[in-house]
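S.K.: Letter by letter, the chains look like this.
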Amino acid sequence: MSDTEPTTSDASTSTLARQLEDLDRVVYRFRQNPMSVIGLGIILAFILIAIFAPWIAPYPSDAGYAGEPAVHYDQKFEPPSAEHLFGTDQAGRDVFSRVLFGTQLSLKIGAVVLAAAVSIGVPIGLAAGYFGGRIGMVLMRITDVFLSVPPLVLALSVSVALEPSLTNAMLAIGAVWWPWYARLTYGEVLSVKKETYVEASRGVGASSVRTIFRDILPNVLAPITVKMSLDMGYAILVASALGFLGLGAQPPTPEWGTMVSQGRDYLPAQWWYSTFPGLAIFLIVLGFNFLGDGLRDMFDVEVQ
Amino acid sequence: MSTDSSDLAETSSSSAGDRRPTHRAMEKSGAPLVSVRNLKKYYPVSGGVFSRSKSNVKAVDRVSFDIFPGETFAIVGESGCGKTTLGKTVARLYEATGGTIKFDERDITDVDGKQLRQLRRDIQVVYQDPSSSLNPRRRIGNIIREPLDVHNVGTKSERRERVADLLEMVDLPVEFRHRHPSALSGGQKQRVAIARAIAVEPKFVVLDEPTSALDVSVQAKVISLLDDLQDELGLTYLLISHDLSLVKNVADRIGVMYLGNFMEVADSRELFENPLNPYTEQLLSAVPVIESHERSLKPSAVEVQGETPDPQNPPSGCPFNPRCHHRFDACDSVEPELVEVEPGHLTRCLHDPGEKRKEVIQAMPKDVAFEDRKGSRQD
Amino acid sequence: MTDPILDVHDLSVSFDTYEGRHDVLNGVNFTINEGETVALVGETGCGKSVTARSVMGTLPRPPGDITSGKIRYHGDNLLADEDAHEQVKGDQMSMIFQDPMTYLSPVYPVGSMMADVATYSGRKDVSSWEILKSFLGHRENAEEIRERSIELLDRMRIPDPEGTLDRYPVELSGGMRQRVIIAMALINEPEFLIADEPTTALDVTVQDQILDLLRERVTEQNLSMLYITHNLGVAREIADRICIMYAGEIVEVGRTEEIFDAPLHPYTRGLLDSIPKLTGFEGSGIDGQIPDYTNPPSGCRFHPRCPAVMRGTCDMEPVEHYAVGEDRTVACHLYEDGMEFEEAAAIAADEATYDNEEPQPAEAGVRSKQ
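Residue numbers (our numbering), protein chains in the order written: chain V, 2 to 305; chain D, 47 to 425; chain L, 10 to 379.
For the record, the hints were derived by calculation from the structure and aren't laboratory data.
Treat the hints loosely; a few may be bogus.
[Unchecked claim] List of simulated lysine-lysine pairs, DSS-like, C-alpha gap at most 27 Å:
1. D:K160 x D:K134
2. D:K134 x V:K195
3. D:K104 x D:K202
4. D:K134 x V:K194
5. D:K344 x V:K194
6. D:K202 x D:K134
7. D:K249 x D:K202
8. D:K160 x D:K202
9. D:K134 x D:K148
10. D:K134 x D:K86
11. D:K202 x D:K148
12. V:K194 x D:K104
13. D:K202 x D:K86
14. D:K160 x V:K194
15. D:K148 x D:K160
16. D:K86 x V:K195
17. D:K160 x V:K195
18. V:K195 x D:K104
Keep in mind the model is a prediction, meaning the values are calculated, not measured.
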């Protein structure tokens, strides 16, 4: 026995058991903050709804499942009832079914926007931070130019310039979102780069690419993940705003922002048309925010 | 190796000598493995936001020394003296501002690209703080395998085996390969860092304060591990440390560094028995005593004064003059050179109790190249 | 002998974490007499800082929890009365820290911080009006405080004490900052000092000077001091008595010279042997690691690492503090209560030789196991 001997008897336990213990510890830290558990619950519920919408929704065809959304003018503007939980809209479509299907769209929008933002922003931040010097300066000045325009305004102009559609809306939002990731990644890389293990990696002769992917990227992922979680809700909100302004998804697509916008004409008498999609937006944004806070506590990182 | 604590005093001085005969024998023979001449590393500092004027901090300034195969050369000094910068510049982690570094009789000061990567196989570094020198997101096995992967050593299964061997060499259980650094204690992490350093069989290892982040009971074990590995693998060490007691016990030769250059260079035993430089004397007299016998080994009646000045504004003349207890008029105007006053014993000081050195130094023209004197020492 | 100024009795502290309950301190006992400096020495995680914080009343609770024990200051149990603790802390105690920059504010000059300490320390009834007035430069007895500060800085051998009062901490070197901290700790003329590794971050030459100054102050003002350190050499320089701490327990207490000349506890011996010395270095170290506090070893907490372990005794029977000779206690089954010091020293010497002749299987290392 030397100082090499493990303190507890876990030397003999398997890798799997140790990974489970690691996981257990992560869960423990996550659970320290009850809000994050609520957030996780909300998000899991939305994901389940998105997956099983065709089976849960009482009238899938009203939401455009397998074809164009159906219309039933005979049933228009029925208030919430056992038959139509959230009432019906101006074309007699079941709002409840449409809100359920809207979940799919919203999550998709969030995922696509963030995927675009991350896949542009993170490499730029990595390169700028790691190489520094002239390359870093040029990359970060470009980023600053994008950051100096209000995102919604930029997204609006991109959407207007292109055809108003859901795809273009996602493109537009992605285009204004990446600079935040470039910024965040850049800052994190600068601090990780100072760590001795990065120098050590160079010291054994590792190439720049190897150092970036093995030693730097894994250590900047935590704050990026936290930011993604916080941004998910916001991206959905912006997409809804574009939908609301008529520049995003076009009716009769069951997109929440578009639905709120449509229902606005019938307020306050047919309140259910706008209210329920609005509540869905509220809940999903709230859920992602709680989750993001929990993740931040868990990783113990600062996000800009 | 362990002896009775009660008879330590009698046996220790001889046992301290016994630790090194193998390296000592090699030292005198053959060419140096590492040969550094007039090495400089300056950092630019800007004069302020609106000022364009730039000055330099001379972290390492005109340093020359040789390290012979199989020996341990130690650099001791206080924080800010440039010892770590010197070590890392020699290991080619930092770019030198001037001077030359020869490794195996080849000039490596400016090699880059593929040649530099090749060189990394021969020169490795062990860092001070093992918690930050190991990537927290990677498993121990991957960390140790990194140099093997980078240099394409052997097949995949051979590398796996090599990792197991390396863990065994540093006295860690093989199961540790699956763990993350956070699951290890400080001493264990430093063993992992050592295993990584020796993975590709380097010839030369820079040890940057390898034990100062560890608890004493663990320090001793890491030091004896390093000592064993040196014998087993025929390694040459450059040990960077602030701990004189440690250095005395493990180094063959020692350079005492202050504000970017050596104040004194000598064989380990010679340096402690016959310190010639006032700075060495002050360092030695500040060493905390553990054992009563140590008191007799410290210079008596030396008062320790002052602190290392800001390297941006070094004093004129002798860098140590504001703190020196042997200071005289010339010290703040004449900059002393490092001179060999006894075979293998170099010191940088204008003062000499026997007046012999002062005359020598003052008679010497300032621009006499350092190499000339250094060359005579090697003969 | 008069009553001790500080008497820590059977202090136990636990911390709640994910792994469970850590029994970080397990019945810590020590006393400090008036005018005496006692060093608490141990390695990382041995509980020495937790002890200091408990005495100072700055233990974070939760997660910390003082489960039992008394801290008597001049005979009053501080743990029983929080207000009294606060009062004593403000009036009679001061603390010196390892890193001055965490204690000094970067945005105030040294003089203003010293004046604040002099004005507010230990007072609970400060009105906001008074703070505002002080802030704007209308401090009562400002002149007197300034004089006092200059005198203190001068005593700490700070060159140009008057100028230093107007400087910011960043303008001072590490050694000067530590001198300022000590001057600040002394400004209210405390009678008890707690120093938590005040020289660890300093170079040896600076450390040497700071220790000299501290010793000089302590003797001149007849201060009592609890000095926390991991460095035995520093403890030897500063302390009258030394308590060696291991895994939340004090394992050996004795007068400084005696501890160094004849260490009794196997842990103390191991520690002393581990340190490289100018006279030589054995490099043996101590096998194993500090134990897991959620499930500490039964019996003596050191037994799994002890070269002199006696199976059946050390791993079963809880160990007590045995008084050996005068002013010496050791928590080890090798010794008996009331033993003469010479007898104990002979046992210690015996054990050391025994280790040498017959290496324990534990010492062979992992290498042989594979």
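S.K.: None of the hints should be skipped; say for each whether it holds.
M.R.: Do the hints match the structure? See the list:
Only pairs whose Cα atoms come within 27 Å are accepted, and D:K160 paired with D:K134 is accepted, the gap being roughly 19 Å. For the given pair, D:K134 sits about 15 Å from V:K195 by alpha-carbon distance, which is consistent with the 27 Å threshold. Distance restraint check for D:K104 and D:K202: the Cα-Cα separation of roughly 45 Å exceeds the 27 Å cut-off, and the hinted pair is therefore not satisfied. Between the alpha carbons of D:K134 and V:K194 the distance comes to roughly 16 Å, so the proposed pair stays at or under 27 Å and holds.
Straight-line distance between C-alpha atoms of D:K344 and V:K194 comes to about 43 Å, which puts the hinted pair past the 27 Å bound. Simply put, D:K202 and D:K134 have alpha-carbon atoms about 31 Å apart, too far for the 27 Å limit, and the pair is violated. Distance restraint check for D:K249 and D:K202: the Cα-Cα separation of roughly 24 Å lies within the 27 Å cut-off, and the hinted pair is therefore satisfied. Simply put, D:K160 and D:K202 have alpha-carbon atoms about 23 Å apart, close enough for the 27 Å limit, and the pair holds.
Between D:K134 and D:K148, the direct Cα distance comes to roughly 14 Å. Compliance with the 27 Å bound is thereby established for this hinted pair. A C-alpha spacing of about 12 Å is found between D:K134 and D:K86, which places the hinted pair at or below 27 Å, so the restraint holds. Our distance criterion of 27 Å between C-alpha atoms is broken by D:K202 and D:K148, whose separation comes to about 34 Å. Annotation: proposed proximity of V:K194 to D:K104 holds, straight-line Cα distance about 24 Å (limit 27 Å).
Annotation: proposed proximity of D:K202 to D:K86 is violated, straight-line Cα distance about 42 Å (limit 27 Å). A hinted pair counts as satisfied when its Cα atoms are at most 27 Å apart, and D:K160 with V:K194 qualifies at roughly 22 Å. Between D:K148 and D:K160 the CA atoms are separated by roughly 18 Å; this keeps the pair inside 27 Å, and the hint holds. At roughly 23 Å between alpha-carbon atoms, D:K86 and V:K195 fall within 27 Å of each other, so this suggested pair holds.
This hinted pair checks out: D:K160 and V:K195 have alpha carbons roughly 24 Å apart, not beyond 27 Å. Restraint check for V:K195 and D:K104: satisfied, since their Cα atoms lie roughly 21 Å apart, inside the 27 Å limit.
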